[in-house]
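Protein chains: 4
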Amino acid sequence: MLEELKQQVYEANMRLPKLELVTFTWGNVSGIDREQGLFVIKPSGVEYEKLSPADMVVVDLDGKVVEGDLNPSSDTMTHAVLYKAFPNIGGIVHAHSPWAVSFAQAGVDLEAMGTTHADTFYGDVPVTDALTKEEIESAYEENTGKVIVRTFAERGIDPDAVPAVLVKQHGPFTWGPTAAKAVETAKILEVVAEMNYHALQLTRADIRVPQYLLDKHYYRKHGANAYYGQKK
Amino acid sequence: MLEELKQQVYEANMRLPKLELVTFTWGNVSGIDREQGLFVIKPSGVEYEKLSPADMVVVDLDGKVVEGDLNPSSDTMTHAVLYKAFPNIGGIVHAHSPWAVSFAQAGVDLEAMGTTHADTFYGDVPVTDALTKEEIESAYEENTGKVIVRTFAERGIDPDAVPAVLVKQHGPFTWGPTAAKAVETAKILEVVAEMNYHALQLTRADIRVPQYLLDKHYYRKHGANAYYGQKK
Amino acid sequence: MLEELKQQVYEANMRLPKLELVTFTWGNVSGIDREQGLFVIKPSGVEYEKLSPADMVVVDLDGKVVEGDLNPSSDTMTHAVLYKAFPNIGGIVHAHSPWAVSFAQAGVDLEAMGTTHADTFYGDVPVTDALTKEEIESAYEENTGKVIVRTFAERGIDPDAVPAVLVKQHGPFTWGPTAAKAVETAKILEVVAEMNYHALQLTRADIRVPQYLLDKHYYRKHGANAYYGQKK
Amino acid sequence: MLEELKQQVYEANMRLPKLELVTFTWGNVSGIDREQGLFVIKPSGVEYEKLSPADMVVVDLDGKVVEGDLNPSSDTMTHAVLYKAFPNIGGIVHAHSPWAVSFAQAGVDLEAMGTTHADTFYGDVPVTDALTKEEIESAYEENTGKVIVRTFAERGIDPDAVPAVLVKQHGPFTWGPTAAKAVETAKILEVVAEMNYHALQLTRADIRVPQYLLDKHYYRKHGANAYYGQKK
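Protein chains in written order, with the UniProt record's numbering: chain A, 1 to 232; chain B, 1 to 232; chain C, 1 to 232; chain D, 1 to 232.
Keep in mind the hints are simulated off the structure, nothing from the lab.
Be careful, since some hints might not be right.
No copy labels: a pair is met if it fits in one copy or bridges any two.
[Claimed, not checked] No farther apart than 30 Å at their CA atoms in a straight line, the calculated lysine-lysine pairs in the DSBU-like style are these:
1) Lys133 x Lys146
2) Lys231 x Lys18
3) Lys133 x Lys84
4) Lys84 x Lys64
All values derive from a computational prediction rather than experimental measurement.
Same shape as in the complex, but just chain A (with noise of 0.2 Å):
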């Protein structure tokens, strides 16, 4: 089932460590089937190099394995969170990428610096809240899930403009309309981090961009006024 799904996945899988967003086996790829409520994601633990498509993991959104001989990514159910409370988005990466981690651990948010960010975040990347005693000692992964969505409820951030997270002493979670675009922004999300650390430790100066700046970039890529790249 879904092995048009399962192949994505899996590419989008394989492009982690190629462009350099992970050691060893810590990330992990998913794409949904919105029609049938099913999603499709990395099995746990698993080397990269010995991946196939047919190893990717069928999952309903409560995270129960429908098919599979695998384990499940043991992040699953934070994906499954994320897809229930984010409507429009078709696929979702974690990484363990050093830079995202680094804000992550420090609990500084992913400031709009310039016109990189820009492109692809319209505003600041946030920090979760750390999760509390209770929430990480009973159902984890989906406390996981949910002090993303709430970070995003309280502070007002629409996800499909900032489709990225870093939660706070872990790492950056990302998503978009497949797994493909998921990546991307990993890989982005990764590179606007390593520029905005940088670019701190130049200048005690507010260097946020302005709201209009903002505007121009964001809206010069996305929506029904973009006019960068070709014509679909």
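Guided by the hints, dock chains B, C and D onto chain A, whose structure is given.
Same frame as chain A, but now just chains B, C and D:
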């Protein structure tokens, strides 16, 4: 038309990923035929591995497409402004290379701190002013070119002697007699930015080099008395 | 003798340059046969590209060569001390990987700042005391092992739960049930050090994670209730 | 003439890009035949991929070309001064490797902070004084050599025990018994600079190692009682 120039511009574009100056499609190179008043530029948002010389777009100095099926780079008007204002240059590069972008975001000039800098840049590489709301909301790419030209005029910098700029909140543009040379300068800018960053973290002393060192190293490689390299 | 172990130790050594953990010959891996009380270690100062499984040297727990034409690693006695003091470990790695060395030189513990750390290290990775003049001038390599053992004893750290150390003014040692696993841990240590470094530059807040996060993530991957990965 | 030395110097030059020590043509290696008082050096400004052993230029100790169709490296006179002042050295490397250049620009000595340093450098690697206006405007490259020699004399440093220097506002020179060994030292210098940089950002404590650690590690690899590596 301009088949030889298209080939050169194509090859110059393809060097950007090889020199690790671009992520995804974030860069563009152009080259000009001064006699015809036309320049050749990369199409917008096309992946490097799919580019061919025939994809290069020919535009005039108002940025209008003269030949080509694809949209030219969204930054085409910035290139056009620079070609009009800087009459000696034959090629232009824009990239989002991380070290240079970090300085552009921080708003910190690349001060001349050593011979690596002085061999290519005869003085500091300036950061422009940020574009105003009005400059961003209308004719944005053209105004990006204009702020570069204004910066060089106001600060009295010769664009032939300092073939690079950091656009505030955005990133670097470099130029030179040919597209190939402008790409080389884009790489040098990135390396110089990396060296400057670390030097700035190591000391709070003023470590700009004196004018006589700039004179020595710049003219060792440039002008009638240059003695670096082989006779042509 | 010990042909299978030699092959394993050889392969583990060869992973060090692939994982970018060594410059030139600056690293060594060993693996032990607990029944025979003998361990196999890389020869001293031999280039990785010239190594073969037959070059591995067999030594006893006093560091005396039992088989092999080449000198064993100059760090052999450090390995011997660790095998004697830490009875559960099967393999040891020493490398001069740059991020871990930087912390060892600075004398800064690798505090647990996130899940990447907690997945592998159940608490801070300690820096040892500096060796004294006397400890350096006689039986230096043996004393290097002893200062590691003493550090774990004095600070009450379980070497099976924190399989790594930073020797002050020197660099990291890691260990594990097998040589292959110890190499993996050497890479994780390096990545964790990189993440910690950048987090420490981003904030002056205390960003150590609470004990319950360590409990959750460490035991997600280790022990009877681990649920990361596939059933073996 | 000197065909074997040309081959060695050629191979040593070709290792610079492989060891990631040069950008474009920014580096040069030479090797000397002490009996004939002639040295062989890379031609100026030639791309590495186009070099061949026959391109190497033979010059005498006044820097005059004895054989070769190409101009020798513009830094030839610096090499000549060092060969004359340091009678035991057989090869010299100059590169613009980024970590070492950052320290040279900042004017910060590479203090001995650990065993990685002590294995190769028996004490701090010094930064020279900046060249004066007069020293730069006439006989610049010769004066670059002289300021190196003066630095070692004034600070009482033995160039055989500390085979490297950082020329202020410029970058590193390394040397050794052969061109190949000098290249290896250039790489070690770069790695040591990287480690020192990060250690310096992690702590404000004085983290120089004591003399007895230098004694131990330097003489573990050098001199009559060395015991690292294999008997030759």
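Check: Taking each numbered hint in turn, which are not upheld by the structure, reported in ascending numerical order?
Finding: Every hint satisfied by this model.
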